[in-house]
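Novice: Throw the hints in and build the complete structure from the sequences for me.
Protein sequences appear in the order of chains Z and Y. Per our numbering, the first sequence starts with residue 360, numbered consecutively. Per our numbering, the second sequence starts with residue 111, numbered consecutively.
Quick caveat, the hints were computed from the structure, so don't treat them as lab data. Note that this is a predicted model, so its numbers are computed, not measured. We put the CB at the ideal spot given by N, CA and C, even for glycine. Do not take every clue at face value.
Covered stretches of chain Y (chain Z as the covering partner; in silico rule of three or more C-beta atoms under 8 Å from a C-beta of chain Z) [claimed, not checked]: (1) 147-156; (2) 164-175; (3) 206-218; (4) 234-244; (5) 267-281; (6) 287-299.
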Amino acid sequence: MKNTKKLWMGLGLLILLSPLGLILPDHFKAGSAWGEWGTDELQSRVGYVPQGLQKLGEFWKAPLPDYAFKGWEDKGLARLSTAYVFSGIVGAALVVLLAWLLGRALARKNE
Amino acid sequence: MHIPDGYLGPATSGVFYAVMIPLWMAASRIVKKTLNARQVPLLAIGAAFSFVIMMFNIPIPGGSTGHAVGGVLVAILLGPWAAMIAITVALVIQALLFGDGGITALGANCFNMAVVIPFVGVGTYRLIAGGAPLESKRRVIAAGLAGYIGLNAAAILAGVEFGLQPVLSQSAAGQALYCPYGFRIAVPAMAGEHLLIFGWVEALVTALVIKYMQKQAPELLGKEVRS
Numbered sequence: 360m361k362n363t364k365k366l367w368m369g370l371g372l373l374i375l376l377s378p379l380g381l382i383l384p385d386h387f388k389a390g391s392a393w394g395e396w397g398t399d400e401l402q403s404r405v406g407y408v409p410q411g412l413q414k415l416g417e418f419w420k421a422p423l424p425d426y427a428f429k430g431w432e433d434k435g436l437a438r439l440s441t442a443y444v445f446s447g448i449v450g451a452a453l454v455v456l457l458a459w460l461l462g463r464a465l466a467r468k469n470e
Numbered sequence: 111m112h113i114p115d116g117y118l119g120p121a122t123s124g125v126f127y128a129v130m131i132p133l134w135m136a137a138s139r140i141v142k143k144t145l146n147a148r149q150v151p152l153l154a155i156g157a158a159f160s161f162v163i164m165m166f167n168i169p170i171p172g173g174s175t176g177h178a179v180g181g182v183l184v185a186i187l188l189g190p191w192a193a194m195i196a197i198t199v200a201l202v203i204q205a206l207l208f209g210d211g212g213i214t215a216l217g218a219n220c221f222n223m224a225v226v227i228p229f230v231g232v233g234t235y236r237l238i239a240g241g242a243p244l245e246s247k248r249r250v251i252a253a254g255l256a257g258y259i260g261l262n263a264a265a266i267l268a269g270v271e272f273g274l275q276p277v278l279s280q281s282a283a284g285q286a287l288y289c290p291y292g293f294r295i296a297v298p299a300m301a302g303e304h305l306l307i308f309g310w311v312e313a314l315v316t317a318l319v320i321k322y323m324q325k326q327a328p329e330l331l332g333k334e335v336r337s
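Specialist: The following block contains the structure:
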């Protein structure tokens, strides 16, 4: 395909615009996605934290939790937006790399 | 729709991993035959597009958030099996790096978003598009509706997976061990917000990009027919 350059640019533009996905929910006072609450929020919603959920929930500590740096939860929208774009760049780069390698390994070599 | 660790019990998580392993194997076998070396960049772009579009959280004022997945779009452009691989890659990076979706729940999340969305989406797209010319308006509408139906199918299935948990396991005191909401709350909640809002976002994203592709790269739109 001759137009992949435009698609790459579109992807870059989307990453730069991605903080909208942070700013708009904040502006309209929207919280977590349904079923993606942390334990504090579960406690206030249902009055307890399910035991199994608590245990399994600690299964993995992500290096960039919620597309931000650890401990940045209260840093304000400007800094969180920076972290969001950074996460977008790192994440997209890794996704491209992994998908590319898988694609290269699988694709037919001819043509 | 990214189920976090802890919301699904070990039985549910295990079943979905067990279902996904043969599906991933089938996907690599089929993609080996159908994916052309020249399509590899498009596979990478499709995976990254899905990853990035999921960062655009759409608010329901005063309520929850949700997002498009871009999975139907990738499936229309590359076929559902390649889309399964592309979206799986996005979900793996989201879970490992950003804690978006659980590791134990990865099988379920992949089934919902990397299997149900592409296959229901492409099925709907083929059904509505029929033999319409690649540049036709009918294909744009078909793509939009396919996005809507694909995303909603996945959301409702996620609601069922959530709702199953209190039925499957409870503590001696009668408290839920995993997701505390049963079918009657989880399914309407997941279905409602996706039917009303997020499904239309997926529809719009899918239709707009297909419309753009009709102008820029119509040769890509015939792909799903062959795979």
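Novice: Taking the hints in turn, state whether each one holds.
Specialist: Hint by hint, here is what the structure shows:
1. 147-156: Since 10 is at least three, the answer is holds.
2. 164-175: holds (count 11)
3. 206-218: With 8 residues closer than 8 Å to chain Z, the region 206-218 of chain Y meets the three-residue bar; holds.
4. 234-244: Since three or more residues must qualify, the claim that chain Z covers the region 234-244 of chain Y is violated, with 0 doing so at under 8 Å.
5. 267-281: Check passed, 4 qualifying residues.
6. 287-299: Our answer is that it holds, as 7 residues pass the Cβ test (under 8 Å) against chain Z, meeting three.
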